[in-house]
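So the protein lines, in turn, are chains A, B and C.
Under my numbering, think of the first position of the first sequence as 43, with each following residue one higher.
Under my numbering, think of the first position of the second sequence as 103, with each following residue one higher.
Under my numbering, think of the first position of the third sequence as 3, with each following residue one higher.
Errors might be hidden in some of the hints.
Cut-off 27 angstroms, straight-line C-alpha distance, at most; resulting in silico cross-link-like pairs (BS3-like, lysine-lysine) [said to hold, decoys possible]: (1) Lys126(B) x Lys316(A); (2) Lys319(A) x Lys179(B); (3) Lys179(B) x Lys300(B); (4) Lys175(C) x Lys199(C); (5) Lys319(A) x Lys126(B); (6) Lys316(A) x Lys190(B).
Derived from the structure by calculation, the hints contain no laboratory data.
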Amino acid sequence: MNGLGFLLSIVSSLLFPGIIAVTKAKLSGRKGPGIFQPLFDAARLFRKGSIYSVTTSIIFQIAPVIYFASIVVALLFMPFGQYKGFLSFEVDFVFFSYLLAVGKFVMIIGAMDTGSGFEGMGANREALYSMLVEPAFFILMGSLALLTNHTSFYSLFVHIHFDSVLSYLIALLAIYLFVQIAMVENSRIPIDDPKTHLELTMIHEVMVLDNSGFDMCLIHLATGLKFALYGGLIANFIFPDTWPLYTQIAVFLMVNLLFVIAVGFLEAFRARNKLEKNPKWILTLSSISMVVFLSVLVIVHKYFLE
Amino acid sequence: MTTFSLLLLFELTLIILSFTERVKRFLTMLMIQGVLLFGIAYLQLQHINALYLAFILLETIIIKGLLVPLFLNQMRKRNNFNRLAHSKVSTFITVMAISAAIVFGFLLSSNIHDDNLQTKFFAASIATIITGIYFMIVHRNIFTHIIGYLIMENGVFLFSLAVGSEMPMLVNTAILLDIFVGVLVLGIFANRVGDTFKNMHVDDLAQLKH
Amino acid sequence: MLIVYFLSAFAISGTLLYLRNRALQLFFNVLFLAVQTVLTVYAYCHLNENDSIYFAFDSIGVILSGVLTLLGYATFYHSYLYLERRSDTKRNKSIYYAALILLSASMNGAYFSKHLGTFWICVEATTLCVSALIYHERTPIALEATWKYVFICSVGISIALVGILSISVAVSKEGLTDLDLNSIVAHAQGMNTKWIKIAFILVLTGFSAKMSLFPLYAVCVDANTVAPPPINAFISTALKNVGFLGIFRMYTIIAQTDALPWANNVLMITGIISIAVSAAQLLRVNHFNRMLAFSCTEHMGIVALALSAGGIGYYAAVLHIVLHSFAKAGFFYQIGQVYSIYNSYLIKECGNYIKLNPLGAIVVILAFICVTAIPPSGLFVSEFMTFKSLFAGDHYYIAIAALFLLTVIMFVIGKDLLRLLYYNGDGFTAPQSVKINRLETVSQFIFFGFIIYLGVNPPEFFSDLIRGATAVLP
Chain A
43 MNGLGFLLSI
53 VSSLLFPGII
63 AVTKAKLSGR
73 KGPGIFQPLF
83 DAARLFRKGS
93 IYSVTTSIIF
103 QIAPVIYFAS
113 IVVALLFMPF
123 GQYKGFLSFE
133 VDFVFFSYLL
143 AVGKFVMIIG
153 AMDTGSGFEG
163 MGANREALYS
173 MLVEPAFFIL
183 MGSLALLTNH
193 TSFYSLFVHI
203 HFDSVLSYLI
213 ALLAIYLFVQ
223 IAMVENSRIP
233 IDDPKTHLEL
243 TMIHEVMVLD
253 NSGFDMCLIH
263 LATGLKFALY
273 GGLIANFIFP
283 DTWPLYTQIA
293 VFLMVNLLFV
303 IAVGFLEAFR
313 ARNKLEKNPK
323 WILTLSSISM
333 VVFLSVLVIV
343 HKYFLE
Chain B
103 MTTFSLLLLF
113 ELTLIILSFT
123 ERVKRFLTML
133 MIQGVLLFGI
143 AYLQLQHINA
153 LYLAFILLET
163 IIIKGLLVPL
173 FLNQMRKRNN
183 FNRLAHSKVS
193 TFITVMAISA
203 AIVFGFLLSS
213 NIHDDNLQTK
223 FFAASIATII
233 TGIYFMIVHR
243 NIFTHIIGYL
253 IMENGVFLFS
263 LAVGSEMPML
273 VNTAILLDIF
283 VGVLVLGIFA
293 NRVGDTFKNM
303 HVDDLAQLKH
Chain C
3 MLIVYFLSAF
13 AISGTLLYLR
23 NRALQLFFNV
33 LFLAVQTVLT
43 VYAYCHLNEN
53 DSIYFAFDSI
63 GVILSGVLTL
73 LGYATFYHSY
83 LYLERRSDTK
93 RNKSIYYAAL
103 ILLSASMNGA
113 YFSKHLGTFW
123 ICVEATTLCV
133 SALIYHERTP
143 IALEATWKYV
153 FICSVGISIA
163 LVGILSISVA
173 VSKEGLTDLD
183 LNSIVAHAQG
193 MNTKWIKIAF
203 ILVLTGFSAK
213 MSLFPLYAVC
223 VDANTVAPPP
233 INAFISTALK
243 NVGFLGIFRM
253 YTIIAQTDAL
263 PWANNVLMIT
273 GIISIAVSAA
283 QLLRVNHFNR
293 MLAFSCTEHM
303 GIVALALSAG
313 GIGYYAAVLH
323 IVLHSFAKAG
333 FFYQIGQVYS
343 IYNSYLIKEC
353 GNYIKLNPLG
363 AIVVILAFIC
373 VTAIPPSGLF
383 VSEFMTFKSL
393 FAGDHYYIAI
403 AALFLLTVIM
413 FVIGKDLLRL
423 LYYNGDGFTA
433 PQSVKINRLE
443 TVSQFIFFGF
453 IIYLGVNPPE
463 FFSDLIRGAT
473 AVLP
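Extracted from the complex, chain A is given alone in its bound form (with noise of 0.2 angstroms):
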C-alpha cells in the first residue's frame, strides 16, 4: 500500500493540464477542448520520432528523458495518510526538492546546447526563478519540521495537527506558498503565460523550442505531474491519516481537483506580472513563509514572546 500516494498522482496528473484548460476556457466563455485533449496530444507526440538539430550534442537528447524521470522519481516520495512513499527516509524532503533542481538543470543546459539565444535566455530565467523560490519551499518546509519534530514527508504529515487559531493561520499560509511555489516551479501565471507568443517574454515555454516528438511528450506529460506533485502535498497536509481509506481516498482526489481548478482560476483571473517585478513577487513568497518560520518558533516555544 506504499504506493498508493505515488499511484493516485500518476493518475491525477494525466488529467491535470485537461482540467486546467477546461477551466479557462469556461471562465472566459470559450467553449474549449475537452479534458483529455492533452492527453491525445501526447499520445500523438508519443507516436513521432524526434528532430535534433545538427548542433545540438547529446545533452539535448537526453536532457527531457532525465527532467522526466526526475519527476517520477520524486513522485516516490508522496505518500499517502498512513502510508508512506515508495521511498522514505529522514529529511526527504531536501532530496526531494534536489531531485527536482537536477530535472530542471539537465533542461537548462539542454537549452543552452542547442546555442539558441531564446533559449538561452529563457533558461536563465528559468533558473533565477528557480533559485528564488528555493529558501520559500525550504523555510517553509523547515517550519513545518519544526512545528511537527520529524523530517520526512510522512512523518511530518502524520504529526502535523492543528489546534488554535494560529496553527490554522499558518496551514492557510502554508497552502499559499505551496500553490504559489506549484506556479513558480511549472512556470505559470503570474509568473509566465503558457498561452505567450512572443518568445522575447516566454520563460518555459522558450526553453523547450527546439524540442519536438517524443521529447515534447515527455516535456508535457511532466507538467502535469509536477502539478500532480504539489497537489499531492498539499492533500496530505489536509487530511489526517485517522480517517477511513476510501474518504482518503476520496478527499485526496477531491483536493487535487480542488487544486487545479483553483490554478485554473488564478491563471484566468490573474495578469502575468511584468518580467522585472518576478524576482520580486517571488521574493514575497520567501518573506511569507520566513514569517511563517516565526510564528511557529513562537508556537513551539523555541522563543518566549509574552
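Assemble chains B and C onto chain A, guided by the hints.
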C-alpha cells in the same frame, strides 16, 4: 495565540505593502491594518469598559481604518496619482529590507527579558516603525511619505500596547485628535504641493537649497 | 487657571478666524495679550503649585512663559505692522492671527505640562498651528518649507512619543503607571537604565526637530527661510524653547539615574556637532534668515554643551536659552526692516544700510554684539559659565573645539553684517528709499537692554527662578 495570529496578519500586510505598486492597494492595506489593530486592542481588554471600547473603536476602525484612507483616496483622485513612481531603491531590496525588519524585531524582542514589556507587540511594532521610516526615506513622493507616516503611527500604537501604558482617557483622546488633525494638515499641504508643482515628487521641492 | 486660559484662547482665536474688521481684530489681539500676561503673573504668584493633574507652575515653565509673554507683545506689534504693509486677503490675515494665538496657547500648555502625555500633545499642536504661519506668504518656496517642517516635525514628534512610552516601561518596574513628571523624577533612581537610555535617545532625536539641534536641525532652518519676519522671531525663540523644554524634562529624569554620565556624553556630542554643522553651513550661507537660523542651531548646541557640563552649566543653560530668545527675536525684527528696504533677504543684494536706515544700523550692530556674545552682552556671561564648567569637568578638547568654531561663526556673521552695513561698491544699487517708522526699532532696543541687564545684573527673582528650575538636577 489569537492575538499573535492577528499580529502575524499585520506583519503580512507589511510584506504586501513592500511590493505594492498601486496606490489603491496601499490604502486597502492601511484599512486592513486599522481593522487588525482593532482586533488586537480588543483582545487586550481585560474587562470590557464601554467607554474604552468605544474609544478604541473610534481610534482604530473609524479613524485609522476608514476616515484616513478615504481622505487619502480623495487626495489620490484629486492628484490623479495611481501608481508609485519608481524609487531609486528597487522593490527587491525593499522586500528584503522589510523582511529583515520583521526578523530584527522578532530577534530583538525575544532577547529582551522584561516583565513590563509585552514582547509580541514589541516585535511587531519595531518592524512596523522601521517599515514606516523606510518608506519615508526610500520613496521620493510626498503621498507615499504620508503613507509611511501612517504606518509608523500604527507602529507607535502597537508600541503603546507593548508597554501597556495607561494614559488617562483625556490624554489618549487628545493624542488621537492631534494625529488625526496632523494627517489632515499634511494632506491639505500635500494637495497644495500637487496643485502648485503639478506632481508630488520630492525632487521638485528643492528650491530652498539654492 | 490654565483651563480658563485655554478656553479664552480658543474663543479669541475662533472669533478672530471669522472676524474681518480691523479694529475688532486689534481689540481681540490685545485682549489675548492681556490674558497671556495675567496667566504669566498668576503662574509666578502660584509658583510650584499644581494647576490640575496635568499642569503645574514650575520655575522653568514660569521663566519660559514670561519670555513668551514679552516676545508676544513685540510679535503681535510687528505682525500688525507686517500685515499692514502687505496686501493679503482679509481671510489670510484672520488665519494668521488665529493661528498665532493658538500657537501661543499651545506653547504655554507645553511649558506648564507636568504630564508627559499632555506635553507631547501640546508640542504636536504647536507644529500644526505654526504651519499656517510659515505658509502665510503662499509662495511655492514657502509651501516647500512648510511641508518639510510639518512633516519632519510630525515624524520627529512621533519618535519622541515612542521615547515617552519607553519611559513608561522604565517606570513600571517601580509600580508607576502614569507619566506624571514629578512622580517619575521621584522614582527615577530605581528605574531600568536600559529603557531610560533608549527613551533619552528617542526624545532627543525627536525634539531636535523642534529645538533646531543636530540631527534634525535642517527643517527649522528651512522654515525660518520663508516665514514672515515676526513669525521667524517667534518660532526661532519661543518655539525652540519648547523643544529645549522637552529635552530638559527628559534630562531631569535621566539625571536621577546612573545613566547620567552617558547622557552627558550624548548631549555633548550632539552639542558640538550642532555647533560644527552651523559653522560649516554659515560659511556658505547667502540669506539673512538662514544665517540667523544657523546661528540658532549654534546657540542650541551651546545650550546642550552647558547642560552636559553640569554644575554651573545648568544655570548657564537656562540663562542662555532666555537671553538667546531676546537676542534672536530682536535680530529677526530688524531683518524684517532690512527686507522692507531692500525687498530681498539675499546678503549680496544688500549694503550701505548705515546710510539708508541709521537707527536700524545701530540695532544691527547691537544685535551682532548680543548674538555673538561680545561683552556686555548677557550671552557672554552664560557662554563664559558654560566654558568654565566645561573646563572644570576636564572636557578640554570639546571646549577648545567649541571655542574655535565660535570664532569662525563670529567671523562669518561679522563679515556678512559689515557688508550689509557699509558695502557700497560694485554691483550694489541703492533701492528706492523706504521710510521706516522709528517706533519699530523700540522693541529691539528693549530686548537688547534686557539681555545686558539680565546677564550682567540679574534681578534676584530671576536668579531664584533659574535656581528653582535646576534644583532637581544633581
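task: Measure nothing beyond the straight line between the CA atoms of Lys126(B) and Lys316(A); if it is 27 angstroms or shorter, mark the hint as holding.
output: OK: Lys126(B) and Lys316(A) at ~19 angstroms, within 27 angstroms.
- request: For the pair supplied as a hint, Lys319(A) and Lys179(B), confirm whether the alpha-carbon distance does not exceed 27 angstroms.
  value: holds, 25 angstroms
task: Mind checking the alpha carbons of Lys179(B) and Lys300(B) for me, to see if they're no more than 27 angstroms apart?
output: Status holds; Cα separation ~14 angstroms.
- prompt: Hey, Lys316(A) versus Lys190(B), does the alpha-carbon distance stay inside 27 angstroms?
  reply: Between Lys316(A) and Lys190(B) the Cα gap is close to 18 angstroms, so the pair holds against 27 angstroms.
- prompt: Holds or violated: are the alpha carbons of Lys319(A) and Lys126(B) at most 27 angstroms from each other?
  reply: holds, 18 angstroms
message: Hint check: Lys175(C) vs Lys199(C), CA-CA at most 27 angstroms. Holds or violated?
response: holds, 15 angstroms
Comparing the model with each earlier hint shows no violations; every hint is respected.
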